[in-house]
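> Here is what each chain is made of, one letter per residue.
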Amino acid sequence: MPENIEKISVKLNVNGKTYVRNLEPRLLLVEFLREELDLTGTHVGCDTTYCGACTVLMNGAAVKSCTVFAVQADGAEILTVEGLEKDGQLHPIQKAFGDSYGLQCGYCTPGLLISTYELLSHNKQPSDKQIRKAIAGNTCRCTGYQNIFKAIQLAAQNRTRT
Amino acid sequence: MAIKFGGEEKKWVGKALPRKEEDRLLRGRGRFADDIKLRDMAYLRFVRSPYAHARIISIDTSAAEALAGVVCTLTGKEIVPQTQPFIEIGPDSKVRDYPFAVSKVRYQGEPVAAVVAESASIADDAAELVRVEYEALEPVMDAEQALQDNSILHEEAGTNKIWHGVFEYGDVEKDFQDAAFVVRIDRLHFHRFSSTPLENNVVIGEWNLKDDRIYYSCNNSFPSFAIQFLSAHLNVHIDRIRVQTSDIGGSFGIKITNYPQMAVVALASKKAGGRPVKWVETRSEHMTSSAHGNERTFRDTRVALDKNGLITAITSRHIDDCGAYPRYEPLGCVIWSQVFPGVYRFKNARIDFTQTVTNKCPVGPNRGYSRMQHLWFLERVIDICAHELGIPADEMRMRNYIRPEEFPYTTPNGCVYDSGNYPGMLELAKQLIGWDAWKKKQAEAQKQGRLIGIGIGTTLDSGTNNFGQSQIVNPGAPFSGNSQGANCKLDIYGEVVVAVGSCPQGQGHETTAAQVVADVLNISPDLITVRTGFDTERNVHTGFSGTYASQFAVSGLSAVHGAAQKLKTEMKRLAAFVLESEEDDVEFGVGAQGPELRAKRTGKSINYWGLANIVNVNSAVLPVEMYDITLNCRYIWRAPFKVPDKQRKYGNLTLTYASQLHIAVIEVDRETFIPTILDYVAVDDCGTVINPPIVEGQVYGATAHGIGAALLENCAYDAVGNMLTSTFSDYTPITALNMPKIKYGHIQTPSPHSYSGAKGMGEGGAAPIHTISAALQDALFPNGIIIEDSFNNADSLFRALVGKEICQAERLVKLERRAS
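These protein sequence lines are chains U and F, in that order.
When we follow numbering that gives the first Met the number 0, the leftmost residue of the first sequence carries the number 0, and every step to the right adds one.
When we follow numbering that gives the first Met the number 0, the leftmost residue of the second sequence carries the number 0, and every step to the right adds one.
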């Protein structure tokens, strides 16, 4: 039973801060972020790696934190939605989503911001098709994606300009 | 250009104002129910039935209780003596609905027990240790079979039938005698799906044993309805139940019916000694056992038409499947009749409507609730009749549409369509899609053997219900009219604070409410705080408060407007006194010390802080005759409805009628049978628009829901009641990869029934389901195929086209020509 399972020491960096914790091996990365670190911006929507509400950046790659054990993130650098703003200023991607009405209920938004962050980190001028592919793993039930496409295009343009 | 209505100049209403909600949501600082953690909180997990229909022989919770970290367990048998069955909306209902299955289970996923533990993971482990012994019974998976009562779900009711009624208007049979053409359609079927909000249901409940009150933080989207059910069920005075919501990650109506889980959480908290208990639904629980949309079968349809293709009468038999328990039902048995003739002019019709239970997940009001099923049926009738008579689909609609000059239009059952211009929308949509060019391309493609169809869907989004329609399904129902509350105040330091009785899930209520108040007070919306979420203790709710049924722009904003007007009147009176001026001389504006009121004559002014100061902390300066001024103004808006005529089933059932007209071009691949959308236009009319991008965004959202439902999303069950789409990976909600680019257009026919000219919107009338069915129908008529079902994918299209197992026109449709 769970109480007999040995906890594992994990050291990881989240949004620039280092944490050392002893964790149950079955603890999911998303549970660790939400329950242990109180970073509740990362959400859970489906439990089966479909919806991407739990997307975070792990060592530069967008991963679904509901399908990563926290212990697998030992030594990793994690970026969550809370780490996007700088000195209180919204990240240009966040701003572009706001300016484009790219969110409604906002539940999927943190995951989409991270997937966009990953896309724009390696592709400065993504095509429509590349945008669709990059967020294919992020389900949004409110927007019908139209304004999200616009937001990502706008974020890319703003990035190119600066 | 500033819009003018209600005698006020609109600087802010009608503007593309950025949403006030955005900042916290973009920063990951939204506050969703699952984000809330309370001291000493325990976690609840349900044990659910693997059977669709079975008798419960025994439940053994001892092993679960023995597990370290388990606080308690709870079963149906335990709660029966402490509770009443939930209120039934239906007349003389003998259904006994508890939040747990008590003696038998009636759908896969029905809760049979719950476990409460110190952590969510211990609760998970413990739930697996609960042993339940079942005796399987014959499951009833089809509505028409259910009505034969061979296997009965609710034995105490003695039948599976939940409701039956006939809606008949005009001399139907005479129209059939006089008809030039009669078209018969054997069967049509609207499938079961759900809008599956991305945030699952979440309930945190605390039955505080010190003050004997129940405190909820949850994401229920119609809390004033939920507390009425909970109060009666839990034997607790309604004032002892506090419900708060915060940010909600979508509902689309589905979260209206999570009150059974709210009940379990409260009872579990009581058993756990008053500790707060949290339940977070998993996606699979959501798919199998939260709520689905209503499934409906349309049988034996007859359509009478004159020689010009004008429909004169329709008769049909509609069978609605509400799943295992009629929770919000049988309200759906009347709600469809808000749009009885759809957008069409026929006067005479007889619809025989029956609702039945089956061994599937209970239904709940899902975006487009009950009207979309009927509107889809009418759109199928239009296309099939057009084809039988050889009239083009667009022309058929033009001949049958209610004409713009006929508004306000009274339908055969007494509903009053406020405004609209369906031919104008069709014209705009055709222009946006390039109708003529597509028609040419289609003809060329057909010559090459390609299957391309162009389809039109015209639909209605009726908003702001007259709850009096509940009396049509149950003459004893104590409901009628509609109302909404709001409060607008100057806080002690002069801040403008607005509270409303809605609980938005992304509809931007904070923003649009601020726009309305900004216009009343002539200040910037930035200076207005709108309280987010619902709270029974804000005292701004009525029994109808919540967010559902396309109405905030009408009911919610009318209440906000009323409260702001009241505040403005008080501020003016008080300022005139302080400034030693006349009320007419006082104007609203912004000065060096923030928002203020000025005496035009003297130039003297007082800011909001000054006014609030006098009322709240400096009241000795007030003369007695001004003691009624509180600067804290509550307003209840009421919709101007009458109680419908129950016998005739006649009356105005909804206040506003937004409309949508979509056109789709679809190709079905000849080899894979995968349907692909080649082009798509959505034209919307929701009257005067409060915030254009917010409206546009909801049109896109409703369009995605509809496209998903038409092509991808189906709550499928096998013959013995196993749900086959219990994860997102199986249910496949629409993604960025399969969502086409939408061309958007809109017209505005202001509603004469709302103060602003706005109509409720957001549900969207499921326009894409009608439109995609129409386009597929257009593509497949030449192959002898009738689009019999609202859900069509590669598999069903293959079975129709190659297997010839389903959708065969020769079996489904008959034309009788009587024209000489």
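It is possible that part of the hints are untrue.
Output of the computed footprint for chain U on chain F, the stretches with three or more beta carbons under 8 Å from beta carbons of chain U [to be verified]:
1) 97-111
2) 194-203
3) 482-488
4) 720-730
Hints are computed from structural coordinates only; laboratory data are not their basis.
The model shown is predicted, which means the values in this text are computed figures rather than measured ones.
A virtual CB, placed ideally from N, CA and C, is assigned to each residue, including glycine.
> Under 8 Å between beta-carbons, do enough residues of the region 720-730 of chain F, three at least, approach chain U for the coverage claim to hold?
Holds: 3 residues of the region 720-730 of chain F have a Cβ under 8 Å from chain U.
> Please verify the coverage claim for the region 482-488 of chain F: does it have three or more residues whose C-beta sits within 8 Å of some C-beta in chain U?
violated (count 0)
> Do at least three Cβ atoms from the region 97-111 of chain F come closer than 8 Å to Cβ atoms of chain U?
As far as the region 97-111 of chain F goes, the hint is violated, because 0 residues have Cβ atoms under 8 Å from chain U.
> Between the region 194-203 of chain F and chain U, are there enough contacts, at least three residues with CB-CB distance under 8 Å, for the coverage claim to hold?
Our answer is that it holds, as 6 residues pass the Cβ test (under 8 Å) against chain U, meeting three.
Hint violations for this structure: numbers 1, 3, all remaining hints satisfied.
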